[in-house]
Amino acid sequence: GVAVDSAGNVYVSDQNKPVIQKFDNNGKFITSWGSKGSGEGQFIHLHDIAVDSNDNVYVTDGRENSRVSKFDSNGKFITSWGSKGSGNGQFNENHGIDIDSSGNVYVVDTRNNRIQKFSSDGTFIRKWGSTGCGTDEFLIPHDIIIDSSDNVYISDSGNVHFKSKVKCP
Numbered sequence: 043g044v045a046v047d048s049a050g051n052v053y054v055s056d057q058n059k060p061v062i063q064k065f066d067n068n069g070k071f072i073t074s075w076g077s078k079g080s081g082e083g084q085f086i087h088l089h090d091i092a093v094d095s096n097d098n099v100y101v102t103d104g105r106e107n108s109r110v111s112k113f114d115s116n117g118k119f120i121t122s123w124g125s126k127g128s129g130n131g132q133f134n135e136n137h138g139i140d141i142d143s144s145g146n147v148y149v150v151d152t153r154n155n156r157i158q159k160f161s162s163d164g165t166f167i168r169k170w171g172s173t174g175c176g177t178d179e180f181l182i183p184h185d186i187i188i189d190s191s192d193n194v195y196i197s198d199s200g201n202v203h204f205k206s207k208v209k210c211p
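Position one of the sequence shown corresponds to residue 43 (our numbering), numbered consecutively onward.
No wet-lab data here; the hints were simulated from the structure.
Note that beta-carbon positions come from the ideal geometry of N, C-alpha and C, so glycine has one too.
The reader is advised that the hints may include incorrect statements.
Using 30 Å as the maximum straight-line C-alpha spacing, the simulated DSS-like pairs for lysine-lysine come out as follows [what the hints assert, rightly or not]:
#, residue 1, residue 2
1, Lys-112, Lys-70
2, Lys-159, Lys-70
3, Lys-59, Lys-78
4, Lys-59, Lys-70
5, Lys-78, Lys-159
6, Lys-126, Lys-64
7, Lys-112, Lys-78
8, Lys-118, Lys-78
9, Lys-159, Lys-169
10, Lys-118, Lys-159
11, Lys-118, Lys-169
12, Lys-126, Lys-70
Quick list of simulated restraints, FRET-style, between CB atoms [to be verified]:
#, residue 1, residue 2, range
13, Gly-174, Gly-79, 28 to 38 Å
14, Gly-81, Thr-177, 32 to 42 Å
15, Ser-125, Thr-177, 25 to 35 Å
16, Gly-79, Asp-163, 21 to 31 Å
17, Ser-77, Asn-134, 19 to 29 Å
18, Ser-74, Lys-126, 34 to 44 Å
19, Gly-69, Gly-127, 34 to 44 Å
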């Protein structure tokens, strides 16, 4: 995944290493953080990355770790949340992540075929979605983007299209 902060710095989540890399807006390398593992600031299967209005960095670490980790803009670990499962705040291959204008964090819970919404500190707010092809149903959703009006768009790979849900609560 790729995300940009308020200063134009670019953050890249590298699944192969697994690390987060930070570049300035001219592409010059600034720093990187992370290593393989399950501890604080470690990753096993990085997927996506998002940056909030305070330039905090959020990454999804799916499969084994099944969590979201939050860092400051220099890579200092702040918190993480999630575990493997299907309950509130649990994930089964969390992929996409984005943040709305209020700082709430939305995570695509791919194999549970749903979207989960959290506060910026990881407190579970709500979830929506189930398996299927109808409204608010997904078949392996993958990515999410939230526009400046807080409209939510989700790519749903099993249904081979994207879905939007305007003004998700």
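Each hint, compared with the structure:
no., hint, verdict
1, Lys-112 / Lys-70, "holds, 23 Å"
2, Lys-159 / Lys-70, "violated, 34 Å"
3, Lys-59 / Lys-78, "holds, 8 Å"
4, Lys-59 / Lys-70, "holds, 19 Å"
5, Lys-78 / Lys-159, "holds, 27 Å"
6, Lys-126 / Lys-64, "holds, 28 Å"
7, Lys-112 / Lys-78, "holds, 16 Å"
8, Lys-118 / Lys-78, "holds, 16 Å"
9, Lys-159 / Lys-169, "holds, 6 Å"
10, Lys-118 / Lys-159, "holds, 23 Å"
11, Lys-118 / Lys-169, "holds, 29 Å"
12, Lys-126 / Lys-70, "violated, 36 Å"
13, Gly-174 / Gly-79: 28 to 38 Å, "holds, 36 Å"
14, Gly-81 / Thr-177: 32 to 42 Å, "holds, 40 Å"
15, Ser-125 / Thr-177: 25 to 35 Å, "holds, 29 Å"
16, Gly-79 / Asp-163: 21 to 31 Å, "holds, 23 Å"
17, Ser-77 / Asn-134: 19 to 29 Å, "holds, 24 Å"
18, Ser-74 / Lys-126: 34 to 44 Å, "violated, 27 Å"
19, Gly-69 / Gly-127: 34 to 44 Å, "holds, 40 Å"
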